[in-house]
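Q: Spelled out, the chains give:
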Amino acid sequence: MLTRLKGAKVVDPGNINAEKDLLIKDGYIKAILDPGEPYPRLEKSTSGSDSSPVSVSSADSSFSLDVENDQYIEIDVSGMTLVPGLIDLHVHLREPGHEYKETIETGLMAAARGGFTAVCPMANTSPVNDNAQVTSFIINRAKELGLSRIYPVGAMTKGLKGESLAEFGDMKKAGIAAVSDDGCPVENSMLMRRALEYAKGLNIPVISHSEDLSLSKNGAMNEGITATKLGIKGIPNAAEASFIMREISLAELADAPVHIAHVSCEESVEAIRNAKKRGIKVTCETAPHYFTLTEKAVADYDTNAKMNPPLRTEKDRQAIIKGLADGTIDCIATDHAPHSSLEKDLEFDKAAFGIIGLETSLPLSLKLVEEGILSFETLIEKMSKNPASILGINNDLTPGNPADITVIDMESCFTIDPKSFLSKSRNTPFAGFKVTGEAYITMVKGKIIYQR
Amino acid sequence: MAFTKKDILDIDSLSVEEISMILNTAEGMKEISQRPVKKVPTLRGKTIVLFFQEPSTRTRLSFDVAAKRLSADSLAISKSSSSMVKGETLVDTAKNLEAMSPDVIVMRHSSSGAPHLIAKRVKASVINAGDGIHAHPSQALLDLMSVKEKKGRIEGLKIAITGDISHSRVARSDIAGFTKMGAEVVVSAPLTMIPKGIKALGCKLADDMESCVENADVIMMLRIQKERQGAMLFPGEREYASLFGLNRKRLNLAKKDVVVMHPGPLNRGVEIDSDIADGKYSIILNQVTNGVALRMALFYLVAGGGKRNADKA
Ligand SMILES: [Zn+2]
Chain V
452 MLTRLKGAKV VDPGNINAEK DLLIKDGYIK AILDPGEPYP RLEKSTSGSD
502 SSPVSVSSAD SSFSLDVEND QYIEIDVSGM TLVPGLIDLH VHLREPGHEY
552 KETIETGLMA AARGGFTAVC PMANTSPVND NAQVTSFIIN RAKELGLSRI
602 YPVGAMTKGL KGESLAEFGD MKKAGIAAVS DDGCPVENSM LMRRALEYAK
652 GLNIPVISHS EDLSLSKNGA MNEGITATKL GIKGIPNAAE ASFIMREISL
702 AELADAPVHI AHVSCEESVE AIRNAKKRGI KVTCETAPHY FTLTEKAVAD
752 YDTNAKMNPP LRTEKDRQAI IKGLADGTID CIATDHAPHS SLEKDLEFDK
802 AAFGIIGLET SLPLSLKLVE EGILSFETLI EKMSKNPASI LGINNDLTPG
852 NPADITVIDM ESCFTIDPKS FLSKSRNTPF AGFKVTGEAY ITMVKGKIIY
902 QR
Chain L
31 MAFTKKDILD IDSLSVEEIS MILNTAEGMK EISQRPVKKV PTLRGKTIVL
81 FFQEPSTRTR LSFDVAAKRL SADSLAISKS SSSMVKGETL VDTAKNLEAM
131 SPDVIVMRHS SSGAPHLIAK RVKASVINAG DGIHAHPSQA LLDLMSVKEK
181 KGRIEGLKIA ITGDISHSRV ARSDIAGFTK MGAEVVVSAP LTMIPKGIKA
231 LGCKLADDME SCVENADVIM MLRIQKERQG AMLFPGEREY ASLFGLNRKR
281 LNLAKKDVVV MHPGPLNRGV EIDSDIADGK YSIILNQVTN GVALRMALFY
331 LVAGGGKRNA DKA
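Protein chains in written order, with my numbering: chain V, 452 to 903; chain L, 31 to 343.
What the hints contain is simulated information worked out from the structure, not anything from laboratory work.
Keep in mind that a hint or two might mislead.
Claimed, not checked - Partner residues aside, some chain V positions facing chain L, computed with beta carbon under 8 Å: (1) D751; (2) D796; (3) F799.
Idealized CB from N, CA, C, for every residue including glycine.
All chains should be modelled from the sequences, with the hints used to inform the complete structure.
A: What follows is the structure, given as C-alpha cells:
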C-alpha cells in the first residue's frame with residue numbers, strides 16, 4: 452500500500468518547514484518529495500500481493516510505481532499543516548476498572564480526534580498497573596483497537612501505596628514507557644531517590660506528581676482570595692513547588708532524569724528554570740487549563756473547574772506562559788481525567804478532581820501561537836517532539852520512521868461542544884469556548900485512524 | 031421597591047437596598063413576637079422545608095418558630111430521615127424535596143456552595159442557613175439588625191471581630207454585611223486563623239486584639255472550636271484566652287457604649303469572660319430574639335408579601 456499525502460505545509464521542528472509531499476509505504480515514511488516531484492523508483496515488492504492499483508494518476512514519464520504489487524492512493528491535504536504525530540504524556544483512560552468513565556477504546560478515539568497518535572495512560576486503574584499482567588492487558592487491548600498508540604506508565608510503587616518499588620523491569624518488558632505514582636505523591640524521600648536510581652538503570656523516565664499532601668490535605672481549589680470568598684479549603688502553591696524542589700534535589704543526587712507532571716504555578720516554574728540552568732536532568736509539562744484559565748473559573752462552585760493541581764491566579768498563568776515561551780516547560784500534556792456525573796454533579800468539596808482534555812488540547816494550545824507566545828514549530832516541539840524524546844522515541848518525519856502523522860486544519864473555527872466528544876465523559880470547563888484549528892487527519896503507522 | 035430575589039444564598043449576592051428592606055421588614059416582624067397571640071396568617075398554606083444535613087438545634091429552631099408565627103407548614107428533614115438514605119447524592123435529595131412542592135427550602139450543609147447547587151435545581155426559594163465555612167446570611171442579617179437597633183445606624187461604626195476567621199461562615203457573612211452597610215470591620219486572631227487574601231473580603235487586619243477592639247462600637251467574638259487544636263491552629267485554650275479572649279481590660283479599650291456579640295454557643299472563659307457575656311454590654315440574647323423576627327422577614331419576602339407586592343407593582 453502506497454499513500455501520497457499531497458500539498459500540505461510540513462512542519463517537523465529542526466528538520467522540515469516547507470510544502471512537501473509525504474510518501475508512505477506499508478506504514479513507514481518512504482520518501483519526502485517536493486510538490487509535484489515524480490515518484491522515485493521503488494524496489495520490487497516481494498510480498499506477492501495480488502491486489503491491483505486503485506487509481507493511477509497522470510503519471511510522469513519517470514513514474515515507476517510498482518503497480519502490480521502496490522495499491523496506491525493520493526490524499527490531497529493542500530492548505531493543511533502536517534506535523535509529526537502529537538503525543539500526550541499524561542492521560543487517564545480508566546480501563547481496567549472504571550469503564551463507566553472511559554474505556555481504552557473511547558479514550559483512544561478521543562485521542563485520535565484530538566490529533567494524538569500516542570498517549571501515556573497513568574497507572575491508577577483498578578487493578579493498578581503495577582505489574583506486567585495489567586501492562587500487557589492495556590497494550591493488547593490497544594493493539595486490538597488499532598487506534599492511537601499507547602505507552603503505558605507503570606506504577607512507581609506497588610499499589611501506588613508509596614511503600615515499596617513496583618517491578619519496573621517486568622513492566623518494561625511488557626511495554627511500559629515510564630513509571631509514576633501520579634495522583635498518589637510519594638512522601639518518603641528515600642523511596643523517591645531509590646525509584647530515580649532504579650529507573651535510571653533501566654533507562655525509563657520517572658514522572659513525578661509533586662504534591663506535599665500535608666499542605667494540600669482537604670483542599671479543593673487554589674488557596675487565595677477566591678477560595679477565601681467561597682469558603683473552600685485551599686491548596687497552596689507551596690504544596691506543589693516544595694515537592695518539585697525535593698524532586699530536583701533527588702534527581703541531582705541520583706544523577707537521574709525526572710519529569711515533573713502538570714506544573715501549575717509560578718514558584719514551580721522558577722524552581723525548574725533554576726534547576727535546568729544548573730544542568731539537572733529535569734523536564735516538565737503543563738496542561739492547557741493552566742495557561743488558559745485561572746481560579747476565577749471556579750467562581751460559581753463549578754466542579755468542572757476542579758482539578759489537582761488546581762487552577763491558580765493570573766500571576767501563575769502568566770508564569771506558565773513565560774515558562775512555555777522560554778523553554779522551561781518542555782511539554783503540553785492534558786492530564787485527561789474522565790469522570791461521570793456521579794463524581795462531578797456534587798458539592799464542590801466532594802466532587803472528584805480532574806477534567807478531560809484530549810479533544811480540546813490542540814485548539815487551546817494553538818491559541819498560544821495565535822497570540823504570538825510560541826511559534827508553531829515550538830508548539831509542535833512541546834506537543835510531539837519533546838514528549839517523544841522523553842519517552843526515547845524518534846518520531847522525526849524522515850524516511851524509515853513509522854508514519855505517525857497529524858494533519859492540522861489551522862483555519863477551522865468552531866465552538867467547543869462537549870456533546871460532540873468521542874470521550875465517554877463530559878467534564879470540561881471549556882464548553883462554549885470559540886477556538887481555531889483542529890486535527891483533520893490522524894494517522895498511525897500509515898493508517899488513518901481519524902479523519903474529520 | 032419589591033423584593034425579587036428567589037434565594038438568600040449569601041450576603042455578597044444581596045444589594046444594599048435589599049439588605050435595608052430585609053432589616054426594615056424584620057423590625058415590623060418583631061412586633062408580632064411581642065403580641066399575646068404570636069401568629070399571623072400571612073404564609074398560610076405555604077410549605078417550608080427545613081433541610082439540615084448538619085446538626086444545629088438553635089438555628090433550626092429559630093427558622094421553625096419563624097415559619098410557625100407566619101402560619102406556614104414547616105417540616106424538618108435531617109440526615110437520619112429516610113429520604114436521605116446512604117448513597118443518595120445531594121442532587122437526588124433536591125429532586126425528592128422538589129417533589130414535595132415546597133415554597134421555601136431552608137438549608138444547612140457542611141459543604142460550602144451546597145445551597146447554590148440546590149438553588150439551581152429547584153423552583154422553591156432556597157435560604158442558606160449555613161454552608162460549610164462559606165456563608166451564614168441570616169446570622170449576619172440578624173447581627174446587623176441587632177446592632178442597628180442598639181446604635182440606630184450601621185454606617186460609620188467600628189466593628190471588631192475576633193476569632194477563627196478562616197473556618198467561620200459567620201465571620202465571612204458579617205464582614206460582608208457590615209462593610210456593605212458602611213461600617214469599618216477590623217479582625218484579629220492568631221495568624222493561623224486568618225485566611226489568605228482576607229482584605230479582599232473588605233476588612234482590616236489588626237496587629238493584636240488590643241488594637242482591634244480599640245474604640246470599637248461593636249465587639250464580636252467567635253466561638254473557638256476546641257477540636258480545631260488538632261489542626262495546629264493554636265497551642266491551647268489558656269494561651270488563646272490570654273492573647274485573644276475578651277476580658278475586662280480589653281473591653282475597656284472600646285467605646286463606652288460598646289456592645290458585645292457572640293453567635294453562640296459560648297465557650298465561657300476561653301473567647302469570652304463569663305461576666306462580660308452576661309454583663310450589660312452583651313446583646314447576645316437580643317440576637318436570639320431578633321433571629322426569629324429576621325427569619326420571619328426572609329420567609330415573608332421570598333414566599334409571601336414581598337412577592338405579592340412585586341406582582342402589584
Ligand atoms: Zn497527577
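Q: Next, verify each hint and record whether it holds.
A: Against the structure, the hints come out as follows:
1. Hint status for D751/V: holds, given a least beta-carbon distance of 7 Å to chain L, under 8 Å.
2. Because the beta carbon of D796/V sits about 5 Å from the nearest beta carbon in chain L, less than 8 Å, this interface hint is met.
3. A distance limit of 8 Å between C-beta atoms decides the matter here; for F799/V the minimum to chain L is near 5 Å, and the interface restraint holds.
The structure agrees with every numbered hint stated previously.
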